[in-house]
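Residue numbers (the working numbering), protein chains in the order written: chain A, 54 to 443; chain B, 477 to 780; chain C, 129 to 438.
The hints are simulated quantities; they were obtained by calculation from the structure and are not laboratory data.
Every residue gets a Cβ at the ideal spot worked out from N, C-alpha and C, and that includes glycine.
Heads up, a few of these hints could be off.
Said to hold, decoys possible - In silico SDA-like cross-links for lysine to any residue, where the CA-CA straight-line distance does not exceed 20 angstroms: (1) Lys388/A with Glu656/B; (2) Lys324/C with Gln67/A; (3) Lys167/A with Ile143/A; (4) Lys597/B with Tyr181/A; (5) Lys652/B with Lys196/A; (6) Lys719/B with Asp232/A; (7) Lys250/A with Asp232/A; (8) Lys196/A with Gly157/A; (9) Lys149/A with Tyr181/A; (10) Lys372/A with Lys652/B; (11) Lys607/B with Pro383/A; (12) Lys660/B with Arg595/B; (13) Lys196/A with His209/A; (14) Lys339/C with Leu238/A.
Claimed, not checked - Partial list, computed: chain C residues near chain A (C-beta under 10 angstroms): (15) Ala204; (16) Glu330; (17) Ile343; (18) Arg345; (19) Ser354; (20) Val355; (21) Val356.
Take a look at the letters that make up each chain.
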Amino acid sequence: MNIVETQNLKKFFQSKKGTVKAVNGVSLNVIKGETLGIVGESGCGKTTLGRTILKLIKPTSGNIFFDEKHLFDLKLNPRKAKDILDNDGIDPKLRKSFEKNKYGLSADASVSKKGPNSWRIDDDRSTYLVKGEENSMKVYSVKDITDIDDKEMRKHRKKMNIVFQDPVSALNPQMTVYDHLNRPLVIHNMVSSEDEKLRKMVDILNTMGLKAEHLIRYPHELSGGQKQRVCIARALCLEPDFLVLDEPTSALDVSVQSKILKLLDRAKDKFDVSYMFISHNINLVRAISDRLGVMYLGKLVEIGETSDVFQNPKHPYTKGLFKSVPQPDPDKRVKAPLTGEVPSPVNPPKGCAFSPRCPHSKAVCERENPDLIEAYGRKIACHIFGKENF
Amino acid sequence: MKALDNVSLTVKKGEIHGLIGETGCGKSVTSLTTLGLLDNNAIIRGGNILYKGVDLLELKEKTLRKEVRGNEISMIFQNPSTSLNPVYTAGEQIRESIVLYQSNDKEEAQRLVLDELDRVKLPDPEDVYEKYPHELSGGMMQRIMIAMMLACNSNLLIADEPTTALDVSIQAQFLKVLEELKEKENLSILYITHDMAVISEICDVVTVMYGGQIAETANVHDIFNNPRHPYTKGLIHSVPGVKLNIEEFETIPGTVPRLINPPSGCRFHPRCEYAQKICKEKKPSLEHIDKDHFVACYFWEEVK
Amino acid sequence: MVEKDEDKSYFGTEETDIKQELEDLKGKETSQMELVWLRFKRNKLAIFGIVVLLLLIGVAIFAPFIAPNDPEKTGADRQRESPSSEFPLGTDANGMCIFSRLIYGSRIALLIGLLIVAVSGGIGVTLGLIAGTMGGWVDEIIMRVVDTFMAFPVLVFAAGITIAFERGIYPVIIAVGLIMWTRFARVTRGDVLGIKQENYIEGAKAIGESKLNTISRYFLPNVLPSVVVVATIQMPSALLFSATLSFLGIGAQRPTPEWGLMVNEAQAYMWSNPWPITYPGLAIVITVLAFNFMGDGLRDALDPVRGGGD
C-alpha cells in the first residue's frame, strides 16, 4: 500500500531567462514502511520534488495522493471492468459493486482514466483509485491533497513532515527546543496536559539521543548534530506517516552523520513512518533506502529496488552516475566517469534530456521523450534500454 | 587557541597527498600556514616549512608573494567563483599568468592559453576563452583555476576541498584531470578534504588529522585496509560505502573537541575505546611502525 | 566540552520530576540577552548613554520631589529673576521656575519620544511585515507609499497636521509618528525578506502553523532586534522634531514645560541673559546624544556582524 503517490507531478518556476521546469512530470509512489531514496545531481529537481509532495510549494499540475487505504476488490472480470471504467460516467454495475461493499457513490460521481491500469473515481465526499493488479481490480480510498485549501491542508500536516539539509537555518533562533517541540503538539492538539506534553517531549528527545535539559536550550547553544536531532524530533513528535528527509546529513561531519542515520533508521521502526530520502550522496542512499529513484533534469529516469538498481543499472545515466561515484576503497577507482555537464533546466534538450551526453543516443532519443515504463521489475525511461525485448 | 600542534607532513614530487579530518581539525589552517596566508592574529611558534629545501617561514612577505605564491605553489579553494575576477573573461585571466611567467608575445600567449584549456580537458577551448566566470559552471571554473596554475608553471598545488561544491559526475571528471596532471607533468598536490571516498580515489599518501594534530600518516592502501589509529578506523567505518547496510555503520561517540580547550594527553582519548590512563596524561608521539606508516597512538598494535 | 554517551537514555525507568529539573537548569544558562549585554558592556559611549538615560528616567519619575516649585506657576512679580535659593536657575519671562521646568521637561521629552516611537513603530512594523510576507502587488503599493512619505518635507507635513488640528503635544506625536514610520517599515520588510529564505519558515508551514502565527512567532521575534535598534536611533530624531515644532510655536503650548518651547521663549532675551536658553538647549543635546550612543551600542551588540559598518 502506498503512503504517497504522485501522478504526473509538475512544478515550474518563472525566471528571467524563462520557465524552469524543476519537476517535470514525476509519477512515483512511496510504499508504507519503506525508505525511498531519490538521487540526482544539482538542478535535477529532487529538492523541489520533496517540497512539492508536501505542498510546501504549490504544484503547477499533477496530483498528490496521500494515505491510501485498500477498501475492496471489484468482483468483476478484469477485462470487463476495464471496459466499464473506460466509459464516461459511472456504469450501474460499478455503482452496484461499490454499494455491495457499503461505499455508496453519489449521483454526480465521475470516473477518469489515469494510466493503463489505473482509474480515478471522484464523488462529492472522497476520491477512489481503482488499480488493476494481476488478476484483480483493487479499489482504494485516497486523499487527494493537490487542490485542497490551506486550512484543510494544515490538518493533514500532522501526517507528513520534512527534515532540511541545514539545521542552522531550520530552527528559529528565537525559540528554545521546548518551543520547537511545543508548537506542533499544540497546533494539532496532541496532548491534554502539560505533564503529558513534557513526558512526550522528553521521550522523543531521548529517542534522538538528547536529554531533558536540552529543552531550555536555544539553537545557538547546540552543536550541528544536536540541532539536526532537534529537527528530526520536531518532525517525529506528531507521529507522522511520511517524512521527507532532504539531505539530512550533508551539512554534518562524517562521524556525526553515521549517528544521525542510525537514529533515523531506529526511529523508522519505532514510529512506523515511511521516508523519502533525498540526497546527492549515492553511497549513503544505497545504504539506507529500500527502493531508489534516479532523477535527471526534472524527471525520473529509473526507479526500482535499491540493490537491484545498483547491481544492474539499466538507464545510461544511472550507469554513468554510479560509475562516477568515488568508492572509499583505493582498489576501486573510477575509470570512465560521465562526460559533459547537466544542461540548464531552463532550456532542456529536445527529446530525452540525457541524449546529448548519452553514448548510446539514437535519432529517436533526440526526437521523443521516453516514458517511464515497467521493465526488469522496475521502471525505466529510455528508448534503448527501457524495454525488456531489447 | 592552538590550531596546529606539531604537524609534520611531506609532499613528494609527483605525489598526491591527502589531508583528511573533520570540521575544526586544522586541515585548512595547515595549508594557509604553508603559504603565509594567515590573519594577523595568528602566531607561528616554531617549526619550519621546507619547500625544495628553502624554509618558507623565513622568507619575507614580499619574496613570498612574488616568488612563491602562484609561481611555485598555487592554491585552489572550494568556491572558485570567489577566486576569479568577474570582469575579465576566463581566457584573459589565464593569459595574464602566461604573460607574467612565460611569454610576452600576445598571439603566442593566446595560443598557450588555448593549450592550457585543452590540457585541463575543457571542451571547446575557444568558446571558454571568451566566457566570463559567471557564465561557467563550478566544475569549469575549477578547471580554469587549474589551467591558470599550469600557466604559472607551479610545481605544488594545494587544493582545499576543491570538489565539495561539485556534482559527482563533475567531481569525477575533475579528479581525472588532476590524476593525469600528476602522471604526465609530475605535479605534486596537497589535497585537503573531509571526504574519505575522494581521498581513496586520487591520493597516494594520506594524513589523518584530529584536533590540530596528526593522528596517522600512511599510503592510501594502508589507511583503508590497515588503519592503526582508532580515529582513522572509526572514520573509515562510518563512511557510507565501506559498509553497505546502515545497521553495520560504526559511530564514534562524542563530538569533535574545540581547539580552545582541547582534552589533555591524546586529544582523541575521551572518544576512544582503547583509551587507558596514559592516553589522558601524555600525548603520544608519531611513531614509525612500518615503511611510510606513522601513527600517534600508544595502542596501535591492538587496533584492528 | 565533550559530550558523554548521548545515546544512553537519560531517565531510565525512574520517573523524575522533569518540570522541577528544568526550572533548576534555567537559572544556570547564559541566555542570548546575556551575550548581548556582554558585548554592549564593552562600548564605553553606550554605557555613558544608558547611564544618562537611566538618570533622566529617574528624574522624570521623581520630578515632584526634585523640583522645588510648580513648573507651571507664573508670577508677575518675579520675572526674569537671577538664581536664588528658591529658584536655583532663576525664572523666565513669565516668572516660572526654570529649574523646575527643566525637571518636568524630562517627563514631556520621554513621553513624546516613547509615544512617537510607539506610533511610528506600530505602523511601520505592521506594514513592513505585511509587505514582506505578502509580497507581490501589496508589497509594491506599501513600498511606493513609503517612498512618497520619505520624499515629503517632514516639517511642513507636521506643521500642516498640527495647524489643522489644535496645537499641543498630541498632534505633534501623531504628526511625527506618521512621518517616521517609513524607516521601521523599510527595515522590517528587509529583514522579513531575509527571514523568508530560512528553512524555519518552511518548517513552520510543514508543522501546520497558520499564516498569522507564522508572522507572530517566527517573523516578528526575528525582526525585533533590528526594530529595537531603529527605535533607539529614531528616538533622538523624534525628540528633535517635537522640540523644533514647539520652538516654531506649533507644538507644545505654554505653560507646558517643554524644552523646545523653553528655548523659544528664552531666545527673545538670549543676548542679555544667555543662561535660560542654554539649560533647555543642553538638556536636548545631552538626551539626544545619550539615545544615539545607546542606539549605536545596541546595534553593535545585537548584530556584531553587520553592526558598526556605517
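Do the hints match the structure? See the list:
1. Lys388/A with Glu656/B: holds (12 angstroms)
2. Lys324/C with Gln67/A: holds (18 angstroms)
3. Lys167/A with Ile143/A: holds (16 angstroms)
4. Lys597/B with Tyr181/A: violated (55 angstroms)
5. Lys652/B with Lys196/A: Outside the cut-off at roughly 49 angstroms; violated.
6. Lys719/B with Asp232/A: violated (38 angstroms)
7. Lys250/A with Asp232/A: With a Cα-Cα distance of about 12 angstroms, the restraint between lysine 250/A and aspartate 232/A holds, given a limit of 20 angstroms.
8. Lys196/A with Gly157/A: holds (17 angstroms)
9. Lys149/A with Tyr181/A: holds (15 angstroms)
10. Lys372/A with Lys652/B: Answer holds: lysine 372/A to lysine 652/B is near 18 angstroms, not above 20 angstroms.
11. Lys607/B with Pro383/A: Given pair lysine 607/B, proline 383/A is violated - Cα atoms ~37 angstroms apart, limit 20 angstroms.
12. Lys660/B with Arg595/B: This hinted pair holds, its Cα atoms lying about 10 angstroms apart.
13. Lys196/A with His209/A: Holds, at roughly 10 angstroms.
14. Lys339/C with Leu238/A: holds (17 angstroms)
15. Ala204: violated (59 angstroms)
16. Glu330: holds (5 angstroms)
17. Ile343: Nearest chain A Cβ about 13 angstroms off; hint violated.
18. Arg345: holds (7 angstroms)
19. Ser354: violated (13 angstroms)
20. Val355: violated (13 angstroms)
21. Val356: For valine 356/C, the interface hint is violated, since the closest Cβ of chain A sits about 13 angstroms away, which is over 10 angstroms.
Hints 4, 5, 6, 11, 15, 17, 19, 20, 21 from the list above are not met by this structure, while the remaining hints are.
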